[in-house]
Amino acid sequence: MKLHDIAHGRTGDKGDISNISVIAHDPAHWALIREVVTPERVAAHFGCFAPEAITRYELPALHALNFVIRGALTGGVTRSLALDAHGKCLASVLLEMRIPDRAG
Amino acid sequence: MSVVRIGAGAGFQGDRLAPAVDLAERGALDYLVFECLGERTIALAQQDRISHPEAGYDPLLARRMRAVLPACHKNGTRIITNMGAANPRGAAKRTAEIARELGLTDLKIAAVTGDDVLDRIGDYILDETGEPASALSERLVSANAYVGIEGLVSALEAGADVVICGRASDPSLFLAPLVHEFGWARDDWARLGRGVLVGHLLECAAQITGGYFADPGVKDVPDLAHVGNPLASVDAEGNATITKLPGTGGQITRATCIEQMLYEIHDPARYLQPDVIADFSGVTFAQTAPDCIAVAGAQGQAASGLLKVSVGYRDGWMGEGQITYAGANCVARGTLAIEVVRARLKPLETRIHEARGELIGLNSVIPGAEPAAGVPEVRMRYAARCQDAEAARCVGEEVEALYLSGPAGGGGARSHHRPVLAIGSTLIPAAEVVATVKMMEAEDEIA
Numbered sequence: 001m002k003l004h005d006i007a008h009g010r011t012g013d014k015g016d017i018s019n020i021s022v023i024a025h026d027p028a029h030w031a032l033i034r035e036v037v038t039p040e041r042v043a044a045h046f047g048c049f050a051p052e053a054i055t056r057y058e059l060p061a062l063h064a065l066n067f068v069i070r071g072a073l074t075g076g077v078t079r080s081l082a083l084d085a086h087g088k089c090l091a092s093v094l095l096e097m098r099i100p101d102r103a104g
Numbered sequence: 001m002s003v004v005r006i007g008a009g010a011g012f013q014g015d016r017l018a019p020a021v022d023l024a025e026r027g028a029l030d031y032l033v034f035e036c037l038g039e040r041t042i043a044l045a046q047q048d049r050i051s052h053p054e055a056g057y058d059p060l061l062a063r064r065m066r067a068v069l070p071a072c073h074k075n076g077t078r079i080i081t082n083m084g085a086a087n088p089r090g091a092a093k094r095t096a097e098i099a100r101e102l103g104l105t106d107l108k109i110a111a112v113t114g115d116d117v118l119d120r121i122g123d124y125i126l127d128e129t130g131e132p133a134s135a136l137s138e139r140l141v142s143a144n145a146y147v148g149i150e151g152l153v154s155a156l157e158a159g160a161d162v163v164i165c166g167r168a169s170d171p172s173l174f175l176a177p178l179v180h181e182f183g184w185a186r187d188d189w190a191r192l193g194r195g196v197l198v199g200h201l202l203e204c205a206a207q208i209t210g211g212y213f214a215d216p217g218v219k220d221v222p223d224l225a226h227v228g229n230p231l232a233s234v235d236a237e238g239n240a241t242i243t244k245l246p247g248t249g250g251q252i253t254r255a256t257c258i259e260q261m262l263y264e265i266h267d268p269a270r271y272l273q274p275d276v277i278a279d280f281s282g283v284t285f286a287q288t289a290p291d292c293i294a295v296a297g298a299q300g301q302a303a304s305g306l307l308k309v310s311v312g313y314r315d316g317w318m319g320e321g322q323i324t325y326a327g328a329n330c331v332a333r334g335t336l337a338i339e340v341v342r343a344r345l346k347p348l349e350t351r352i353h354e355a356r357g358e359l360i361g362l363n364s365v366i367p368g369a370e371p372a373a374g375v376p377e378v379r380m381r382y383a384a385r386c387q388d389a390e391a392a393r394c395v396g397e398e399v400e401a402l403y404l405s406g407p408a409g410g411g412g413a414r415s416h417h418r419p420v421l422a423i424g425s426t427l428i429p430a431a432e433v434v435a436t437v438k439m440m441e442a443e444d445e446i447a
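So the protein lines, in turn, are chains A and B. According to my numbering, the first sequence holds residues 1 to 104 in order. According to my numbering, the second sequence holds residues 1 to 447 in order.
The following block holds chain A by itself, in its conformation from the complex (with noise of 0.2 angstroms):
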């Protein structure tokens, strides 16, 4: 299954950092979250994010991890040249990851 099927989640971003939640849908499936969707896994997915840029925080009691991603938006909103210059797109991307299907 994909982690849209469990979780939802909303990009933030400050200067050249992205921040992405990743919030489970029923608290049934937090651990399975917090098992599998680490920065390395993170950084695989995206596969232009190193793991090391990439910090994990966790908030148990809101079944939910956020996601701080360093030097992600290419300069930062106002020198990108990106089109989505805000990384606003990132967390609908997080969500196509394939995880393990197995009840939490």
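Treat the hints as calculated values from the structure; they're not laboratory data. A portion of the hints provided could be inaccurate.
[What the hints assert, rightly or not] Pair by pair, the computed Cβ-Cβ distance ranges are:
1) B:Arg393 x A:Lys2: 41 to 51 angstroms
2) B:Thr129 x A:Cys48: 35 to 45 angstroms
3) B:Asp223 x A:Gly71: 36 to 46 angstroms
4) A:Pro51 x B:Pro246: 39 to 49 angstroms
5) A:Lys88 x B:Arg63: 42 to 52 angstroms
6) A:Gly71 x B:Ser134: 22 to 32 angstroms
7) A:Pro60 x B:Asp127: 26 to 36 angstroms
8) A:Cys48 x B:Pro376: 20 to 30 angstroms
9) A:Ala28 x B:Gly297: 15 to 25 angstroms
10) B:His416 x A:Ala28: 44 to 54 angstroms
11) A:Ser92 x B:Pro246: 48 to 58 angstroms
12) A:Pro51 x B:Ser2: 48 to 58 angstroms
13) A:Lys2 x B:Ala431: 31 to 41 angstroms
[To be verified] Quick look at which bits of chain A chain B covers, simulated, 3 or more residues with Cβ under 8 angstroms:
14) 6 to 13
15) 78 to 84
[As the list claims (entries may be wrong)] Calculated lysine-lysine pairs in the BS3-like style (CA-CA distance at most 27 angstroms, straight line):
16) B:Lys219 x A:Lys88
17) A:Lys88 x A:Lys2
18) A:Lys14 x A:Lys88
19) B:Lys219 x A:Lys2
20) B:Lys108 x B:Lys74
21) B:Lys74 x B:Lys438
Think of the CB as a built atom: it goes at the ideal place given N, C-alpha and C, for glycine as much as any other residue.
Start from chain A and add chain B according to the hints.
Relative to the frame of chain A, chain B by itself:
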């Protein structure tokens, strides 16, 4: 006051007006807050001011004030906003004129300044360039500190009905009235942290009421077209209920609140603000009724004593062009178009600092994405950051020239070029920044 009711009138410069008017008329609000400054807005406004000294504040200020002042005046709702941008005094003067035209002659308007630190930023090292701001010399446009509540609270204490500032941290616009009403001590870190959370949840307006949330079939939002703006009822402890007006579209749920709480924050336990480091790690959201969420559990600790400063500087020009390819073999034709433009711009390479070619619909968000079979159409886009306007113009011209001398069947070409106003950041000791409040009344003669 046992409970303070604060509404969000705007969450960005171009935000919709109707939900703010609705809140002003029906919200029974004590405060209506308009947060209208993006990272780059002040730098752009500062540039405006160079050619038009009276400008430099939000271009929608007059429209917003005309729309909400009558209801706010009638209902005793005070307005707090950063629409002053690079010219809070100019914005206050304009607001006074509008109040007078509306017959609201008893209105008191405060301009809060002090965030402009351009005259003392030279020696500070920018994170982005690793050099002191002064190294930018004549390219340096603006430097504004994210100030806290001090000036805003002073303005409220002085009786202002409308408080207009420039750069302040967004949550401060909401924290200031809470500190003013409840008399929270400036080292009451827990309550200040809770006030920051209320501000952070409200500062993006509809982003907590179902805006920026809908995902059809997964996260459906009722009547998104008429989404309402949020309001918070906050008690003296800083605990709050977030809700919206009956009859408005959208929804407030735990999910909308959690998405907004994590929006644009890094470490949830250390959300750096001018007056406190807020800790959201133990926050809870409880649905108490439809579209009513009770918020509790934020904490705080002493602020760092440093303020973030946004430094605006001119950074060359950007040129861009786009053209569409559709149908048979469109990905290959779009890819060839990129190669052709890149080759034709080769003679300008010393004036082009950075360039990217991409196919919208395929790889414009994530570079290197593989094409799926049967893509019905792509839009080729070529963009470059250049040393000068002429080079930037050439980028778009080469894309438009693909009509006659590019791959088969390109259509709908567009191009533009614009100056790049970049933002760098640094930190400045809070003691370097002093807030000043200037009061004016609608009945005053225009100076």
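Checked hints:
no.: 1; hint: B:Arg393 x A:Lys2: 41 to 51 angstroms; in the structure: holds, 43 angstroms
no.: 2; hint: B:Thr129 x A:Cys48: 35 to 45 angstroms; in the structure: violated, 23 angstroms
no.: 3; hint: B:Asp223 x A:Gly71: 36 to 46 angstroms; in the structure: holds, 40 angstroms
no.: 4; hint: A:Pro51 x B:Pro246: 39 to 49 angstroms; in the structure: holds, 48 angstroms
no.: 5; hint: A:Lys88 x B:Arg63: 42 to 52 angstroms; in the structure: violated, 26 angstroms
no.: 6; hint: A:Gly71 x B:Ser134: 22 to 32 angstroms; in the structure: holds, 25 angstroms
no.: 7; hint: A:Pro60 x B:Asp127: 26 to 36 angstroms; in the structure: holds, 32 angstroms
no.: 8; hint: A:Cys48 x B:Pro376: 20 to 30 angstroms; in the structure: holds, 26 angstroms
no.: 9; hint: A:Ala28 x B:Gly297: 15 to 25 angstroms; in the structure: holds, 23 angstroms
no.: 10; hint: B:His416 x A:Ala28: 44 to 54 angstroms; in the structure: holds, 49 angstroms
no.: 11; hint: A:Ser92 x B:Pro246: 48 to 58 angstroms; in the structure: violated, 32 angstroms
no.: 12; hint: A:Pro51 x B:Ser2: 48 to 58 angstroms; in the structure: holds, 50 angstroms
no.: 13; hint: A:Lys2 x B:Ala431: 31 to 41 angstroms; in the structure: violated, 51 angstroms
no.: 14; hint: 6 to 13; in the structure: holds (count 5)
no.: 15; hint: 78 to 84; in the structure: holds (count 6)
no.: 16; hint: B:Lys219 x A:Lys88; in the structure: holds, 18 angstroms
no.: 17; hint: A:Lys88 x A:Lys2; in the structure: holds, 20 angstroms
no.: 18; hint: A:Lys14 x A:Lys88; in the structure: holds, 12 angstroms
no.: 19; hint: B:Lys219 x A:Lys2; in the structure: holds, 16 angstroms
no.: 20; hint: B:Lys108 x B:Lys74; in the structure: holds, 14 angstroms
no.: 21; hint: B:Lys74 x B:Lys438; in the structure: holds, 24 angstroms
Of the numbered hints given earlier, the model fails hints 2, 5, 11, 13; all others are met.
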